Amino acid sequence: MSEKTASVTVRRQIVRKDHTKGKMIFFGVLVLLLLLMTIFAEYICPYDPNQQNLDQALQSPGFAHPFGTDRYGRDMLSRVIIGSQTSIFSALVLVAIITVVGTVIGMICGYAGGVIDSVVMRISDICLAFPGLVFALAIAAILNGGVQNAVIALAAISWPKYSRIARSQTLSVKNTEYIAAARLAGSGSFGIVVRHVLPNIVGSILVTAMLDIGTMMMEIAGLSFLGLGAQPPTAEWGSMMSGGRSMLQTYPWVVLTPGLAIFISVVLFNLLGDTIRDYMDPRNSRRG
Amino acid sequence: MEPLLEVRNLTKVFKKGSSGEFTAVNGVNFCLYPNETLGIVGESGSGKSTVAKMIARLLETSGGEIFLQGEDITHAKGKALRDIYRQFQMVFQSPAASFDPRRTLGDGIGESLKNSKTAKKEIKKRVRELLVQCGLPEDYDKRYPHEVSGGECQRAAIARALAIQPEILICDEATSALDVTVQKQIIELLGKLKKERGMSYLFICHDLALVQMFCDRVVVMKDGRIVEEGRPDEVIMHPKNDYTKNLVDAVL
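Quick mapping for you: the protein sequence lines, in order, are chains A and B.
Take 1 as the starting number for the first sequence in the working numbering and just add one per residue.
Take 289 as the starting number for the second sequence in the working numbering and just add one per residue.
Derived by calculation from the structure, the hints in this document are not laboratory data.
Please read these numbers as outputs of a predicted model, since none were measured by experiment.
Among the hints, erroneous ones may be present.
[As the list claims (entries may be wrong)] 25 angstroms max Cα-Cα, derived DSS-like pairs, lysine-lysine: (1) A:Lys174 - B:Lys367; (2) B:Lys303 - A:Lys174; (3) B:Lys304 - B:Lys341; (4) B:Lys341 - B:Lys402; (5) A:Lys21 - B:Lys482; (6) A:Lys174 - B:Lys413; (7) A:Lys174 - B:Lys304; (8) A:Lys174 - B:Lys528; (9) A:Lys174 - B:Lys402.
When you get a sec, could you build the whole thing from the sequences and use the hints?
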């Protein structure tokens with residue numbers, strides 16, 4: 001009897017693991033399609049996204065223009081596709097910067113401790129004490145508009161989150177017996193951090209990063225919406241929404257199509273992040 | 289005879305909260321001689337693991353000195369410390385937790401060899417030899433810690449400790465997390481290695497029967513102090529100290 005129960009449990013575990021893997025591949029493929037669309041945006045666009053055509057202005061979605069046109073007669077579908085380059089790539093670059101910078105700083109603080117730790121953590125406290133977007137607004141305003149500066153501004157306020165996670169994870173890993181064993185094996189601090197600390201904390205950081213791609217897309221879009229991110233005529237989903245916001249009731253597609261693009265990409269990245277977290281969960285024994 | 293390892297007046301004070309202090313180890317003295325097994329017994333919280341951690345330099349001392357073959361290693365750091373680790377190694381209490389969950393047992397066992405600039409092929413060969421020596425199949429080098437049992441993992445931990453051929457092995461409750469039959473196998477393995485390699489053990493344990501069977505000499509610790517020292521038979525059969533009596537009575 002007990003043998004039967006055991007075999008049933010084992011099978012269920014395998015099934016669940018495969019399920020997670022399947023979901024991860026599914027969302028991974030969708031995200032990959034999104035990224036491919038972004039990379040080959042120029043070739044996919046049915047029209048020149050910046051070509052104004054005033055006698056075609058504000059046409060509702062139809063056969064010629066599936067997403068309609070904006071007030072300058074530019075094809076919305078083309079603008080949404082080309083806008084993904086700014087929106088998605090800047091979010092990816094931003095997340096990459098803050099993940100790497102935050103993790104390195106956090107690991108150094110956690111492992112070294114002492115004065116470095118106190119000083120850096122107080123700085124990150126200061127960053128966390130300000131409302132994020134307000135701080136980013138201030139920095140972006142000093143640096144002037146533009147996507148590049150929006151990314152710098154958001155990076156300057158977002159790294160503490162990662163350094164906090166990396167630091168707390170490092171602290172919990174640092175006192176384990178396997179770190180003590182590594183030290184007894186004659187490994188130096190740098191080797192221990194790279195070989196033992198990083199691989200054991202990178203999972204939760206990557207998951208946070210995946211979930212943050214969506215958030216960062218929204219923040220960049222938010223800054224653009226407020227006029228501090230992408231500058232016209234650059235197509236960017238946030239600034240496109242901003243440009244059409246007075247027409248929400250009369251010509252909703254001008255706002256809704258870039259909004260839908262943000263929604264879909266954010267949801268996709270979040271779902272991928274979720275399934276990756278499930279997959280990375282150490283209780284799902286990997287590498288069977 | 290010149291002691292291999294000598295501990296003089298070793299003290300550890302932990303800060304507790306803002307003002308309180310807790311003395312975990314209080315003026316401990318003992319020596320470990322070549323080819324000897326010294327047992328440290330005592331109840332939980334008596335400071336025996338703290339002593340082990342201080343000797344292994346995983347914990348700063350608050351006072352006292354540690355000598356390894358006459359050399360003061362109390363404040364050794366960096367390169368000097370890494371050289372010292374070639375002379376003694378440690379086996380930890382929980383086998384699975386002492387291996388990095390994201391690395392194979394082979395990686396763990398070979399780490400000290402890798403750090404001493406041994407060639408990759410040579411490491412692989414040595415790791416397999418060590419596994420066999422410790423009674424494990426040689427293809428266990430590709431396994432992850434969660435894929436082997438506690439006893440197998442502890443064998444791998446011993447293999448790791450032996451990799452750079454140390455003279456002293458500190459066993460911090462190395463058998464406590466294992467069941468009795470596996471415990472016996474591990475003790476037999478340690479005994480065999482002692483005979484083959486002439487190693488010395490610092491054997492920290494709370495199991496008096498095991499200590500009586502395995503150790504040449506034993507010190508009894510209570511509240512951070514050594515209360516009794518002597519040959520295991522004498523200490524256990526004719527305890528002089530009240531605490532040792534209690535400890536022995538609790539078992540029998």
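Would you mind confirming whether the straight-line C-alpha gap from lysine 174 (chain A) to lysine 304 (chain B) stays at or under 25 angstroms? holds, 21 angstroms
Starting from lysine 174 (chain A), check that the Cα of lysine 413 (chain B) is at most 25 angstroms away, please. violated, 30 angstroms
With the threshold set at 25 angstroms, check whether the alpha-carbon distance from lysine 303 (chain B) to lysine 174 (chain A) stays at or below it. Judged against 25 angstroms, a Cα distance of about 20 angstroms means the pair holds.
For a C-alpha distance cap of 25 angstroms, please report whether lysine 174 (chain A) and lysine 367 (chain B) respect it. holds, 20 angstroms
Does lysine 482 (chain B) lie within 25 angstroms of lysine 21 (chain A) when you go C-alpha to C-alpha? violated, 48 angstroms
Keeping to a limit of 25 angstroms between CA atoms, is the pair of lysine 341 (chain B) and lysine 402 (chain B) held or broken? holds, 24 angstroms
Assess, step by step, whether the Cα of lysine 174 (chain A) is no farther than 25 angstroms from the Cα of lysine 402 (chain B), and give holds or violated. Measuring from Cα to Cα gives roughly 21 angstroms; hence the hint holds.
Between lysine 174 (chain A) and lysine 528 (chain B), is the straight-line Cα distance small enough, at 25 angstroms or below? The hint is violated at about 42 angstroms.
Going straight from one Cα to the other, do lysine 304 (chain B) and lysine 341 (chain B) come out at no more than 25 angstroms? Holds. Lysine 304 (chain B) to lysine 341 (chain B) sits at ~19 angstroms (cutoff 25 angstroms).
When each numbered hint is compared with the structure, violations occur for hints 5, 6, 8.
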